[in-house]
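Colleague: The primary structure of each chain is shown beneath.
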Amino acid sequence: MEWSVIFEPDNLALFGSGIITTVWLLFSSLAVGAVLALIFALLLTGPWAMARYLVGAYTFVIRGTPLLIQVYLIYYGLGQLEWIQARWDAVWPWTYFKEPFFCALLAFSLNTAGYTAEMLAGSIRETSAGEIEAAHAYGMSRVQTMWRIVLPSAMRRTLPAYSNEVVMMLHATSLASAVPNMLDITSAASRIYATYYLPFEAYLAAAAIYLCASFCLIGFFRFSEGRLLAYLAPQKS
Amino acid sequence: MTSNTQSYLLVILQGSLLTVGVSLGALAVSILLGLLGAAAKLSGRPVLTALGTFYSTLIRGIPDLVLMLLVFYGGTIGINTLLEKLGSEATIDIEPFAAGVVTIGFIYGAYMTETFRGAILAIPKGQMEAAWAFGMSRSQTFLRITLPQMVRYALPGFTNNWLVLIKATALVSLIGLQEMTYLAKQASSATRSPFMYFLFTGALFLVYTSVSLFALRKLNQRYSLGTKRGQL
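Residue numbers (my numbering), protein chains in the order written: chain G, 1 to 237; chain U, 1 to 232.
Treat each hint with caution, since some may be false.
[Said to hold, decoys possible] Covered stretches of chain G, as calculated for chain U (at least 3 residues, CB under 8 Å):
#	region
1	41–54
2	175–184
3	187–196
4	202–212
[To be verified] Part of the chain G face toward chain U, derived, beta carbon under 8 Å:
#	residue
5	Val61
6	Leu81
7	Gln85
8	Pro199
Treat the hints as calculated values from the structure; they're not laboratory data. Heads up, the beta-carbon is just placed ideally off N, CA and C, and yes, glycines get one too.
Go ahead and model the full structure; you've got the sequences and the hints to work with.
Modeller: Now the structure itself:
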């Protein structure tokens, strides 16, 4: 074991920039994914049968195929389409499809949106009937009931499942290393492995970083659950 | 569709059998480790409990890909250094297939541990006490009483784990196993039409996940026979 290699300034810097990419990728895809998931969940529980059907098909495909295939489809696959090829040199938003970071971000966001939408839709459906009846009795409209009563409680109740999804997404960002020219924590480890031929040290260091990050996220969610879901806990007598 | 394309699609279809092989192999490993892990965590002995907790917590905190690279690249060097120290001249290369099965099995064993532990805890305690009162040994109790009942409680979690496991096999392509994702990537760089090949591979995964979902739902129905459900 030659742990000193990991602690050389150059390699520490490599892991440092890897951590920045991973964190940046994680939080931006979670943010985009959360917005999409909210829209999808509302459509899934909404009155339009066509929208329910389409979003249902979307989540089925996203949840039924590996993320790696989705990343490949967006990074390698879309470049094949002539329609995009004609645009990605000059026309704005399409120029982004040449950037690895954007492709990874798009794939991760679409993926987490599919999983989160189903969780949130499940919580919305499980809102107790009495709460909704009470809202109607107060004369609230459908939109008001959704916005004031159902969503705040459904989003809180999704929190335990969502915390799993966030940790899964942290792990999923390691797939960014499958896209060329992306330097996340895993690719930083792979570069160190390739340079020094020290697989144990390089990948164990990466594993330790991911483990710390996972525990931080889990700790944060435990804390938020304690506060936001306090009203669901049994009353102390 | 040219014959060239057709033959590439056929090769990917054949590669999908390897995907099934890796998945089933890893499933067997993970069920075994899951049962051992659950038994250790529920044994009531501090050392075993700590070991089980350590395993299931640690593994679930590290990405699959990093563990796989660690086992594949690190394992090869580790084994060969060990052989060298033992004075052997032989060198062993870990095959991607074995590395995939072992790593994925090892990872999902941690998830299975939690699923099985929850399922065993869900069985009313009286069932096991009754079995002991009948004079059954520990292994008899497990095989006759615990196992048939825990299947029902474990199936929902098991179904989730299995679906994630099938999809995780796509990662084995990154350490060079020539399963369908790997072949799709090769076909796309050879023909410059990646979209179709990745779409085809994705569709095959979708077929596998849908078929498993259907089969496991049937199994769930079978193991829930005679279970009363409250009417809402």
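Colleague: If a hint holds in the structure, say so; if it doesn't, say that too.
Modeller: Outcome of the hint check:
1. 41–54: violated (count 0)
2. 175–184: Since 3 is at least three, the answer is holds.
3. 187–196: With 3 residues in contact (Cβ-Cβ under 8 Å with chain U), the coverage given for the region 187–196 of chain G holds.
4. 202–212: That given contact holds, which follows from 6 residues of the region 202–212 of chain G lying within Cβ reach (below 8 Å) of chain U.
5. Val61: 7 Å, holds
6. Leu81: 6 Å, holds
7. Gln85: Constraint on glutamine 85 (chain G) not satisfied, violated at 11 Å.
8. Pro199: Result: holds, 4 Å to nearest chain U Cβ.
Comparing the model with each numbered hint stated earlier shows that hints 1 and 7 do not hold.
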